[in-house]
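These protein sequence lines map, in sequence, to chains A and B. Residue numbering for the first sequence follows this note's numbering, beginning at 1 and increasing consecutively. Residue numbering for the second sequence follows this note's numbering, beginning at 1 and increasing consecutively.
The set of hints was computed from the structure by calculation and includes no laboratory data. There's no promise every hint is true.
[As the list claims (entries may be wrong)] A short list of chain B residues far from chain A (calculated; beta carbon distances all over 12 Å): (1) L29; (2) Q107; (3) I121; (4) A124; (5) K125; (6) G127; (7) S137; (8) A150; (9) E178; (10) R187; (11) D197; (12) T204.
[To be verified] Each computed BS3-like pair below joins lysine-lysine, with the alpha-carbon atoms no more than 25 Å apart: (13) K73/A x K131/B; (14) K65/A x K108/B; (15) K65/A x K152/B; (16) K173/B x K73/A; (17) K224/B x K267/B; (18) K73/A x K267/B; (19) K65/A x K267/B; (20) K68/A x K173/B; (21) K73/A x K114/B; (22) K68/A x K131/B; (23) K202/B x K131/B; (24) K114/B x K202/B; (25) K83/A x K175/A; (26) K65/A x K210/B; (27) K202/B x K68/A.
Beta carbons are placed, not taken as given, at the ideal position from N, Cα and C, and that holds for glycine.
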Amino acid sequence: MEGVMQTDAKMRTESGAESSPRAPGCSLRHFACEQNLLSRPDGSASFLQGDTSVLAGVYGPAEVKVSKEIFNKATLEVILRPKIGLPGVAEKSRERLIRNTCEAVVLGALHPRTSITVVLQVVSDAGSLLACCLNAACMALVDAGVPMRALFCGVTCALDSEGTLVLDPTAKQEKCGTEAADVHHQGALLGC
Amino acid sequence: MAGVMAVAAESLAGGRARAARTVLDQVVLPGEELLLPEQEDAEGPGGTGERPLRLNAGVRARVRVVCGPGLRRCGDRLLVTKCGRLRYKEPGGSGGGGGVYWVDSQQKRYVPVKGDHVIGIVTAKSGDIFKVDVGGSEPASLSYLAFEGATKRNRPNVQVGDLIYGQFVVANKDMEPEMVCIDSCGRANGMGVIGQDGLLFKVTLGLIRKLLTPDCEILQEVGKLYPLEIVFGMNGRIWVKAKTIQQTLILANILEACEHMTADQRKQIFSRLAES
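Please put together the full structure from these sequences, using the hints given.
Next comes the structure, spelled out in structure tokens:
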């Protein structure tokens with residue numbers, strides 16, 4: 001679907017004011033999405049959550065090397081490029097998580113012996129990067145017209161030192177737990 | 001569009017499948033389940049899909065609904081697999097089935113379908129077969145005998161890099177696609193090697209379908225502008241040729257841009273070009 005699709009789920013009254021505490025009801029930062037912005041890939045999307053922004057491009061179903069082809073379903077590849085530096089182990093583990101999610105949702109059996117490649121580029125990182133990557137990948141797959149059995153999304157949750165749950169933490173909120181003596185948990189929730 | 005998306009999200013959140021009839025021409029998202037008309041009676045108030053037992057079992061007439069692109073059968077319901085607008089076509093003729101449902105989605109990547117007419121580029125000649133790139137996941141094969149008037153002695157004059165207009169005879173997910181340049185009677189019917197010069201460019205699949213509808217306004221207006229030859233391939237490729245290179249480029253730019261223009265903007269551009 002071409003054009004801009006802006007879903008305005010701004011549950012915080014002040015967006016960008018990271019120092020002030022959020023409303024006690026758990027809210028997300030302002031998020032926005034734009035599709036079909038790149039001309040080369042078959043599908044592309046840019047997902048923005050607060051100041052975190054990820055650009056995703058999808059190529060597929062396309063040709064696959066004989067060594068990588070699977071006889072009865074599509075080969076899904078995810079490539080995640082950080083904003084600076086070469087991709088490392090953290091990127092590899094995130095790629096794996098995103099790939100497992102996409103494989104569960106994409107109907108690969110309709111396109112055997114083809115490859116579907118999702119390329120993610122981190123444009124800016126201000127907290128909850130993995131969830132933003134998942135959302136961008138989903139919107140790009142939808143834009144490319146890859147058949148899927150459901151949509152997926154991600155939200156990062158953090159427990160701060162007092163034990164209250166913070167959704168969609170900023171980079172500062174993600175970091176401040178390490179200084180505290182209590183255990184700080186962080187995870188990505190996946191919803192279908 | 002935002003309002004429509006909010007409605008779609010609400011109904012998905014409810015977890016209840018909607019009737020296909022109520023969603024016609026609206027945007028549907030992957031993962032939605034649609035009820036066919038015959039199941040709507042079962043989903044009554046408070047119904048969880050249990051059908052009431054009937055004493056006379058032969059009363060329910062089963063209607064055969066065809067499930068088109070973007071939809072899959074999921075038990076008794078239709079599962080939406082692509083994002084787009086849901087369309088429905090009434091059954092033509094006397095009671096032939098329950099009609100066709102499909103999702104009108106926008107895509108750039110082509111997937112071969114049997115019977116589609118496409119423009120391909122010859123990439124290799126190996127023995128008796130040409131390998132033709134059609135924009136799908138693998139190149140299609142085209143036998144040298146599949147041209148009008150071709151025999152083992154009289155081979156067609158096809159070189160690597162030529163443009164071919166043909167149709168698929170074999171195109172499914174498990175086999176390599178095969179195309180031919182003759183119809184079932186053995187006549188070319190416009191298919192074969194596309195001539196010299198001209199320009200080949202790529203557009204989205206939705207635009208091709210729009211341009212190929214009967215009585216397309218865009219095409220009639222373009223035809224009044226310059227004399228031209230044009231070939232549409234269902235794989236998103238258009239070949240156009242006019243008298244001069246400049247006219248060819250103008251036509252190519254118009255066709256690429258008309259996807260995003262409203263009818264008024266298009267008329268403005270055409271009137272400006274007709275003056276100059």
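What are the numbers of the hints that this structure violates, sorted from low to high?
Structure breaks hints 1, 2, 7, 12, 15, 18, 19, 26, 27.
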